[in-house]
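Protein sequences appear in the order of chains A and B. With my numbering applied, the first sequence covers 1 to 264. With my numbering applied, the second sequence covers 1 to 582.
These aren't lab readings, by the way, just hints derived from the structure by calculation. Here the structure is a predicted model, which means the values were calculated and not measured. Be aware that one or more of the hints could be misleading.
Straight line, CA to CA, 30 Å or less: simulated DSSO-like cross-link-like pairs of lysine-lysine [to be verified]:
hint, chain 1, residue 1, chain 2, residue 2
1, B, 156, B, 484
2, A, 170, B, 156
3, B, 140, B, 156
4, B, 484, A, 175
5, B, 484, A, 219
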Amino acid sequence: MALVISRALRVGPVGTYELPVIGYENLLESGVVVGVPVTDAANAYDWLTYDGWTTNAAGGTLTLTLTGSQPADYFAFCAHDLHDHAATIKLEYKQGLGAWTDVPGTETIPGDARPIVKLFDQIAADQWRVDITTGGTAPTLGMVSFGLKLQMQRGAYIGFMPPRFGRVDKYLNAKSHGGEFLGRSLTRTGTQGTLAVDHLTAGWVRDYLEPFLVHSRAKGWFLLWNPDRRPNEAAYCLTTGMPQPSNTGPGYMGVSIGFEGKIE
Amino acid sequence: MTHAAEMIRSGREPTWIVELDLDLCQEVFSVPPCTAVLAGVGLECFNARKHCQDPTNYNPAAQTYRFCQPRAGIPVTLGAYPFIDSVSIAPTKITVGRGLGARASVSVTFRDAPHHDRGIDPYVATRTYTPMEQGTFWLKLLARNPYYHGRIMRIKSGYIADPFSLANDFVTRTYVIDRITGPSADGSVTVQGKDILKLADDERAQAPVANTGYLLAGIAAGAGAATLEPAGIGDLEYSNAGTVRIGEECMTFTRPPLSDVLTLTVRGTDGTTAAAHVADDAVQECLRYTNAEIDDVLTDLLVNYAAVPAGYIIAADWQQEVDDWFAGHAATTLITEPTGVRQLVNEICEQYMADIWWDERDAEIKLKILAPPSGTLPDLTDDGSLVGDSVNVTADSKARITQVWVYFGMVNATEPLDEARNFQTLYVRADADAETADEYGDKRVLKFYSRWFTSSGDALRFTSRMLSRLRDDPRTISFVLDAKDSASWTGDYVSITCDKILDRFGAKAPTILFLIETKEMAGGHAYQYTALESQFKNRYWRIGPNTLPDYDDATDEQKAKYAWISENAAPQLNGDGPYLIL
Numbered sequence: 001m002a003l004v005i006s007r008a009l010r011v012g013p014v015g016t017y018e019l020p021v022i023g024y025e026n027l028l029e030s031g032v033v034v035g036v037p038v039t040d041a042a043n044a045y046d047w048l049t050y051d052g053w054t055t056n057a058a059g060g061t062l063t064l065t066l067t068g069s070q071p072a073d074y075f076a077f078c079a080h081d082l083h084d085h086a087a088t089i090k091l092e093y094k095q096g097l098g099a100w101t102d103v104p105g106t107e108t109i110p111g112d113a114r115p116i117v118k119l120f121d122q123i124a125a126d127q128w129r130v131d132i133t134t135g136g137t138a139p140t141l142g143m144v145s146f147g148l149k150l151q152m153q154r155g156a157y158i159g160f161m162p163p164r165f166g167r168v169d170k171y172l173n174a175k176s177h178g179g180e181f182l183g184r185s186l187t188r189t190g191t192q193g194t195l196a197v198d199h200l201t202a203g204w205v206r207d208y209l210e211p212f213l214v215h216s217r218a219k220g221w222f223l224l225w226n227p228d229r230r231p232n233e234a235a236y237c238l239t240t241g242m243p244q245p246s247n248t249g250p251g252y253m254g255v256s257i258g259f260e261g262k263i264e
Numbered sequence: 001m002t003h004a005a006e007m008i009r010s011g012r013e014p015t016w017i018v019e020l021d022l023d024l025c026q027e028v029f030s031v032p033p034c035t036a037v038l039a040g041v042g043l044e045c046f047n048a049r050k051h052c053q054d055p056t057n058y059n060p061a062a063q064t065y066r067f068c069q070p071r072a073g074i075p076v077t078l079g080a081y082p083f084i085d086s087v088s089i090a091p092t093k094i095t096v097g098r099g100l101g102a103r104a105s106v107s108v109t110f111r112d113a114p115h116h117d118r119g120i121d122p123y124v125a126t127r128t129y130t131p132m133e134q135g136t137f138w139l140k141l142l143a144r145n146p147y148y149h150g151r152i153m154r155i156k157s158g159y160i161a162d163p164f165s166l167a168n169d170f171v172t173r174t175y176v177i178d179r180i181t182g183p184s185a186d187g188s189v190t191v192q193g194k195d196i197l198k199l200a201d202d203e204r205a206q207a208p209v210a211n212t213g214y215l216l217a218g219i220a221a222g223a224g225a226a227t228l229e230p231a232g233i234g235d236l237e238y239s240n241a242g243t244v245r246i247g248e249e250c251m252t253f254t255r256p257p258l259s260d261v262l263t264l265t266v267r268g269t270d271g272t273t274a275a276a277h278v279a280d281d282a283v284q285e286c287l288r289y290t291n292a293e294i295d296d297v298l299t300d301l302l303v304n305y306a307a308v309p310a311g312y313i314i315a316a317d318w319q320q321e322v323d324d325w326f327a328g329h330a331a332t333t334l335i336t337e338p339t340g341v342r343q344l345v346n347e348i349c350e351q352y353m354a355d356i357w358w359d360e361r362d363a364e365i366k367l368k369i370l371a372p373p374s375g376t377l378p379d380l381t382d383d384g385s386l387v388g389d390s391v392n393v394t395a396d397s398k399a400r401i402t403q404v405w406v407y408f409g410m411v412n413a414t415e416p417l418d419e420a421r422n423f424q425t426l427y428v429r430a431d432a433d434a435e436t437a438d439e440y441g442d443k444r445v446l447k448f449y450s451r452w453f454t455s456s457g458d459a460l461r462f463t464s465r466m467l468s469r470l471r472d473d474p475r476t477i478s479f480v481l482d483a484k485d486s487a488s489w490t491g492d493y494v495s496i497t498c499d500k501i502l503d504r505f506g507a508k509a510p511t512i513l514f515l516i517e518t519k520e521m522a523g524g525h526a527y528q529y530t531a532l533e534s535q536f537k538n539r540y541w542r543i544g545p546n547t548l549p550d551y552d553d554a555t556d557e558q559k560a561k562y563a564w565i566s567e568n569a570a571p572q573l574n575g576d577g578p579y580l581i582l
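Isolated chain B (complex conformation) (with noise of 0.2 Å):
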């Protein structure tokens, strides 16, 4: 069986199980390379860190702890401890255009009991005391190893079939521990995972980096170099060529190996004005990119100033998603002062209209362009699909907007980014027709600052894709579904037709949605979704290479996403409707 055949099985039996990572040191106590010697009978370490004896030759690797819910139909071989007594979701929510969203995060309440240490303690023959009379579980384990933080757990959701098989039957949802908390009042223990973006957080990841180095004396407007302090901070943190930012002026440098000195190729660039400097000011290096892809950025920003790992970053989806919608729309920019990864890949995910998300199913980071579905959907209906009373609509008239006012072209990079006068172009697009009396009757300005954005086919297409999707009341639509629907998930389009969505005939309106947050409700039975209508509501094209066929023999995949030109306001061949340009 597979987890896709037991979601839909009447009678499946859904679980879940939970495994913590955390550090075992590979060597055995007293044996080489460790060079610890046994003070007494039953005292050699647990091989964790806290009571290491020989920290040099520590060699940790990931000892996985595995868990399940105390019921019938968990195999003995599965060697994992009926402890669990709740799991908590809450899941990734996109923010649409907004950047990362909210951090999808878990919380696993567990039990606790006496524990005869076979299988944590490799050390339990020579003990003194009986591990089962002494201690729980729980206790033992966080005081052995006190650090988890940061350590990978995984969520298994799935099903008891028959034969068990927790590589087909279940799937898998990655966190790092956050905190583990307990034992309460009642001996439980609760341990609290969250996302791997939550690395990006501003407080933990900033671009670019810090600098400690400042004037060992003071330069006049027009030097060409400069020495930094203290000695050997040259290599320790700044490049070998780049650009400085002292006080309120830029300047690009070049700087040998072994060398704290800077050579200071072109003086006050970037909007700044050459100044002279005073020893002791603060030189920071600054973080510029030049016609770069965004996912080339966004990648940057999150492995190299973020930490998170590069494995989780699915290269050539992201770019394929960019080349798919942004081809040849590239960001140029200079950050002059360490700034939250977080706040700057807000930025770009709203001017450029990204998604990014923790996909904890995966376990990758995805991003998508705001862009029209391609593909058939799955179809939600009242019968087949949606769970009854579940379906909620809600229009959120407060985002509506009229216009949209986007100021680029930055003019000093170290000024600030929020005012008007430090950008040489305001761009507007507005839609005169909603601010009408006989329409909307209302001016809604929504403003934004790019220090990204250098032309005017950037704003162009911004203002154009922002005010389409905000230009009517954004509506909301959350609904249940059964387990066997559970295949669509966040990040993915469906359609639903149901009796709360009609036309204006009163007849059910099959609408595409965007599903922005899936919860998992009675666990592997019930799924919550809650997604925002799609803004695309017609066929759109591109253009498509030579190679392709007449429209009548492209296939589906190809016909949304080409464009085959018909008589004007007149269908194709077979009587599908046109294109329009997007």
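Okay, chain A solo, but in the shape it has when bound (with noise of 0.2 Å):
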């Protein structure tokens, strides 16, 4: 029998899609990325969603080369207005000098502005593209990212709040001197929640966990919390504080990642 060490197995029960993915390995990171049109292409993948990259008016291309091949299984993106443009989205890959082609799974028309995350199975390339094509006018996206996923050891179900009913907001309402309602006003501040999950194995948190969490300090990441049962409920989240991985028996260890996000 054959052993495998891939930094793609991953270790799950029955009904592994179940599990939370959390995307935040980014190859746009790793190599060298051509924007068709130029102009701050970058505000594509900076982890920050106030600012974009606005395509032509048919469409344009984010194109990737890496020095050499690298595998992804997730695509990624939030903060766009696809939606507006009757735009289209996928992923392509090219290996060496072969042509280029979609990536199963990945091609979709945005109807809102929510964040989406699809998975593959994975591929691996040495080029990668992003291309939108378009109804006629320009769409902007904020932010787009892909690269292998993290899916947890675990699942999340018991006390976890879908980040679609962690909703924060405020409201301001008016009565009048007679008693008569006059208005209500809204201040919606996203969503929030915390990922609380239990009996990892240590070494998985070491090698798996623990890169992800060093990359939250600094940047977003991507939640897709039951991509089985609800794939069109992805998050794109900041952590709040500092999760802290904790031994809960013996060769086990728990963590509660607080987050606050993006789903619209």
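Got two chains here, separate frames each, mind docking them using the hints?
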């Protein structure tokens, strides 16, 4: 029997795609990126959502060239207005002098501004391309990311509040002197929640979770809390506080990752 | 959607957008006409004046930096930095009949953060450092752009709608940047802005402008010419004809171009006496207005002496206001020494019952004469408009008067303005009834010294309106309205019916108010208003044109502006009440 050791190996129970997926590795940070159009192309992968990259009226591309073949199995984007421009976005790959090939399952025509995370069977290539085509007007993309996903070892069911239900809104009401309802004002500030996972193996925490925690100190990340049952409930998150994995039993650890995020 | 539609929508989402216009050179470094030479890799300028390497060819235009609140719903296409922490607005306040009033100001606190310099530094691609790891947004921006004073800032208050529209769903207030402070201990930066009328403050604006010329040699009392020093000062500072003051004497003059010699056409004008003057005596050109409409005087003072951009005054509106309420009344005076524009404007506003204020929403300077309202007024009620427990009524008994005295017909333009002996006429209007024991039982006199009035008609009009306004304790009413009623703004009239203002029977008494201050509270949600009870409680009229229809066929606007004669003490044919002469 062969023993395979691979970064791509994920340990999990039956129903793996019910386990939360975190997208933080971004190959766009690992090579040379050429944007068409070139203006502010870097805004699309700087982990900031207030600035964006605007394509041409017909669309645009972000082409990544790596020094060697690297794998990816997730594609995610947020802070966009693709839906206002009848735009299609997809991820493509090319190895060496081969032709550009669509990454299966990534082609999306967004219907609203929600973050989207697409998972696919792992592909390795030395060239990748984010391709946007439009209905004739130029959309803006705030954040796009693709690379190897981090899938949690365990699920997060009991007590976990899905991001779509974790809205943090502020309200102001106005009533007249006579008791009539005059008006209501709303301030949306996004969503918040906590991803608490137990029974993680100590080795897994060190090998896979810790690099993510280091990343999250300065940068955002995508969360798809139940890829199989809730594929449309993605969020773009910023960690609140500093998650601190702790021992929960012999060889096991637990961690609570607080976050605030965008769901629209 | 529009701002008006969004503000009445339940579940509206108010927010602030702030824009700062800072200078940015339109040239490209080292590309003609820019003659700058690159001294090393990444050492280009930042297209700002501070570090410009070719000032001769510096070509600035306004570059807008846009900021928003860090909240959901702001589209990435807005290109706004989510750095706004808070916005605090101190609104314009009209001091009725007292002049310019309180200046509007705004204070915006921003948070700071590392920034990649894209969209800020035109040459970011060539720099040898990583901008995201070096410095923060505000500290770098201020280091590159220290010349922000007097530049424009816009505060946009509005609503996040679907689709988002900065043009349709936001109201813009315009200010000039006064100062930027910070960073504070928590890293925040505060930008403070003032309204355009700050330019009229005394320390900045004087009329006439102070002259630096003086006599080359002494002149006798009857001399017909005088030569100015230093050479060339004539064209620099003096007109080709006008009035000058030397010592305590005024005299008219003419001066040809390219000459420092004044031909003194008439000595000892404007109540002064011709006298001898010695070398080095200062020669100050005077400012004269003769039968000038007050809108023209105010515009001249603000634009030509206070450097207020003319575009902020809608001349046609000002003229219409004066034509409606002050036709036939003009201002005449001679100002012989530099005087604060603010003082002069305040005098005019006080004596011609006018209010001037900066309307930050319309971005224009408004002029309004104290006069009856016209048209249908918004009706604010306890049930439909007034936010619970927000109405407050205050009577100012100290402001009440029983007599108005006005001195006019200035004798000597060089003598003090506030001495009775310097005026030909004293006009007194008194309310004898108010002084009786049956009413207030006291005598309260308000005195004015007018350099502007020349006739008893001016004095009669002024004293009549002033006494009418302050004969009884003036009342100030404050209240809060929901955003849905915020179309009413400073300078407007409204009608209020509430349980804090009652008639003698204890019933709610509809009362006309003049709004003197509007303060936006929780942005886009509620507004606090301060208003003065209007003295105009009846129907007033003007003589109308021949083309007016009969009363029954007239429009509401015509009925509000003009009068129709009915039987003595009897109503119009349709039952409406008679008009009273204003």
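So if I understand the rule, the pair passes when the alpha-carbon distance is 30 Å or less; does residue 170 (chain A) with residue 156 (chain B) pass? 21 Å, holds
Taking only the CA atoms, is the gap from residue 156 (chain B) to residue 484 (chain B) under or equal to 30 Å? It holds: about 17 Å lies between the C-alpha atoms, which stays within 30 Å.
Measure nothing beyond the straight line between the CA atoms of residue 484 (chain B) and residue 219 (chain A); if it is 30 Å or shorter, mark the hint as holding. 41 Å, violated
Check whether the Cα positions of residue 140 (chain B) and residue 156 (chain B) lie no farther apart than 30 Å. Given that 30 Å is the threshold and the Cα spacing comes to 25 Å, the pair holds.
Can the restraint linking residue 484 (chain B) and residue 175 (chain A) be considered satisfied, given a maximum Cα separation of 30 Å? Judged against 30 Å, a Cα distance of about 12 Å means the pair holds.
Of the hints listed earlier, the one the structure fails to meet is number 5.
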